[in-house]
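**Student:** In this note's numbering, the protein residues as written are 1 to 168.
Everything labelled a hint here was simulated from the structure, so no lab data went into it.
Each residue gets a CB set at the ideal place from its N, CA and C atoms; glycine is no exception.
Be aware that a few hints might be false.
[To be verified] Pairs of lysine-lysine, DSSO-like flavour, derived with a Cα cap of 30 Å:
id : residue 1 : residue 2
1  : Lys-29    : Lys-164
2  : Lys-22    : Lys-78
3  : Lys-100   : Lys-164
4  : Lys-22    : Lys-164
5  : Lys-29    : Lys-100
6  : Lys-108   : Lys-22
7  : Lys-100   : Lys-30
8  : Lys-78    : Lys-93
9  : Lys-29    : Lys-78
10 : Lys-164   : Lys-93
11 : Lys-164   : Lys-78
12 : Lys-93    : Lys-30
13 : Lys-93    : Lys-108
14 : Lys-22    : Lys-100
15 : Lys-164   : Lys-108
[What the hints assert, rightly or not] Beta-carbon label-pair distances, calculated as ranges:
id : residue 1 : residue 2 : range
16 : Ala-166   : Gln-8     : 40 to 50 Å
17 : Leu-18    : Glu-155   : 41 to 51 Å
18 : Gly-136   : Phe-95    : 34 to 44 Å
19 : Asp-111   : His-133   : 20 to 30 Å
20 : Gly-114   : Gly-167   : 54 to 64 Å
21 : Asn-69    : Ala-166   : 16 to 26 Å
22 : Val-68    : Gly-136   : 35 to 45 Å
23 : Gly-167   : Ala-70    : 42 to 52 Å
24 : Val-65    : Gly-168   : 29 to 39 Å
25 : Ser-151   : Glu-45    : 20 to 30 Å
26 : Gly-114   : Glu-155   : 40 to 50 Å
27 : Val-68    : Ala-160   : 35 to 45 Å
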Amino acid sequence: MSAMTAEQAVFLLQDVYLGSLKNESRITKKVLEAVPDPVSKSAIELVRHIAVAENRFLETVINGVFDVNAAALPENVKTPQEVATWYEQRFAKNFEALTKLSGDQLIKMVDFRGMFQRPAVSFVMLGMVHTIHHRGQLSSYLRCMGARVPSIYGESYDDAQARKAAGG
C-alpha cells in the first residue's frame, strides 16, 4: 500500500469508515442474536469468531499491533445472546476509542501475521469486510436451523411477515 498522510488517514476513518462500521455492527448483532442456541454447534463457533475477530481488528487500529490474543471471549460467555451482548459492549468501547485516534496513530504500519504490513486505519475496513463475509455464512444457516432471518441490507421475509402480523 502506498504511503498515506496522517490527514488522509483521519479523513478515511472519520468521514468514510466510521459510519459504515457502526451500521454494519447493528446488522451483525441482529444476526448473532438470531442463532437458536440448542441446535447451533457449528454455528456457535461462527458466532464467537465473528464477535471476537471484528473487535480484534478494531483493537489492532487502536493499539497499533495485530494481537491474535486480543478480544478473547470470557469463559462465561457461551450462548448466542451472551456473545451478542459481549460483542455490542466491546464494539461500543472500541468504536468510541477509534473516534479519538490521531492521524499519527492511524498511519502506524501494522504487521498482519507476517503476511503483509498496512497502515493501522486500513484494518477498520479489513475487519468489516471479514465480518460481512462470515455474517453471510452465518445468516445462511438461520432458516435451516428454524430461526428467523433478520433484515440485513433490506427488509427480510421474516421481518416483513412479523410487521404484517403486527398490523404494519
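**Student:** A separate judgement is required for each hint: does it hold in the structure or not?
**Tutor:** Cross-check of the supplied hints:
In summary, the hint linking Lys-29 to Lys-164 is supported, as the alpha carbons are separated by about 23 Å, within the 30 Å threshold. About 24 Å separates the Cα atoms of Lys-22 and Lys-78, which keeps this hinted pair within 30 Å; it holds. As the CA atoms of Lys-100 and Lys-164 are separated by approximately 43 Å, the hinted pair breaks the 30 Å bound. Of the supplied pair hints, the one linking Lys-22 and Lys-164 holds, its CA atoms being roughly 28 Å apart against a limit of 30 Å.
Simply put, Lys-29 and Lys-100 have alpha-carbon atoms about 24 Å apart, close enough for the 30 Å limit, and the pair holds. Of the supplied pair hints, the one linking Lys-108 and Lys-22 holds, its CA atoms being roughly 23 Å apart against a limit of 30 Å. At most 30 Å may separate the alpha-carbon atoms for a hinted pair to count; Lys-100 and Lys-30 meet this at roughly 27 Å. Simply put, Lys-78 and Lys-93 have alpha-carbon atoms about 21 Å apart, close enough for the 30 Å limit, and the pair holds.
For the hint pairing Lys-29 with Lys-78, the CA-to-CA distance comes to about 15 Å; that is within 30 Å, so the pair holds. The hinted pair formed by Lys-164 and Lys-93 fails the criterion: a straight-line CA distance of about 36 Å is larger than 30 Å. Distance restraint check for Lys-164 and Lys-78: the Cα-Cα separation of roughly 33 Å exceeds the 30 Å cut-off, and the hinted pair is therefore not satisfied. With a C-alpha separation of about 19 Å, the suggested pair Lys-93 and Lys-30 falls inside the 30 Å cut-off, and the hint holds.
For a cut-off of 30 Å, the pair hint linking Lys-93 to Lys-108 stands: about 21 Å separates their Cα positions. For the hint linking Lys-22 to Lys-100, the alpha-carbon distance of about 15 Å falls within 30 Å, and the restraint holds. A C-alpha spacing of about 50 Å is found between Lys-164 and Lys-108, which places the hinted pair above 30 Å, so the restraint is violated. For the pair Ala-166 and Gln-8, the beta carbons lie near 47 Å from each other, so the given range of 40 to 50 Å is met.
Taking 41 to 51 Å as the suggested C-beta distance range, the pair Leu-18 and Glu-155 does not conform, at roughly 25 Å. Taking 34 to 44 Å as the suggested C-beta distance range, the pair Gly-136 and Phe-95 does not conform, at roughly 22 Å. Remark: the range hint 20 to 30 Å for Asp-111 to His-133 is upheld by a beta-carbon distance near 22 Å. At about 57 Å, the CB distance of Gly-114 to Gly-167 agrees with the hint of 54 to 64 Å.
The given range of 16 to 26 Å is broken by Asn-69 and Ala-166, whose C-beta atoms sit roughly 45 Å from each other. Taking the beta carbon of each, Val-68 and Gly-136 are about 23 Å apart, not inside 35 to 45 Å as hinted. Judged by the Cβ atoms, the range 42 to 52 Å given for Gly-167 and Ala-70 holds: they are separated by roughly 46 Å. Our hint of 29 to 39 Å for Val-65 and Gly-168 is violated, since their Cβ atoms are close to 48 Å apart.
Range check, Ser-151 to Glu-45: about 24 Å between beta-carbon atoms, so the 20 to 30 Å window is met. Checked against the hint of 40 to 50 Å, the C-beta distance between Gly-114 and Glu-155 comes to roughly 43 Å, which is consistent with it. For the hinted restraint 35 to 45 Å between Val-68 and Ala-160, the CB-CB distance of approximately 41 Å keeps it satisfied.
Checked against the numbered hints above, the structure breaks hints 3, 10, 11, 15, 17, 18, 21, 22, 24 and satisfies the rest.
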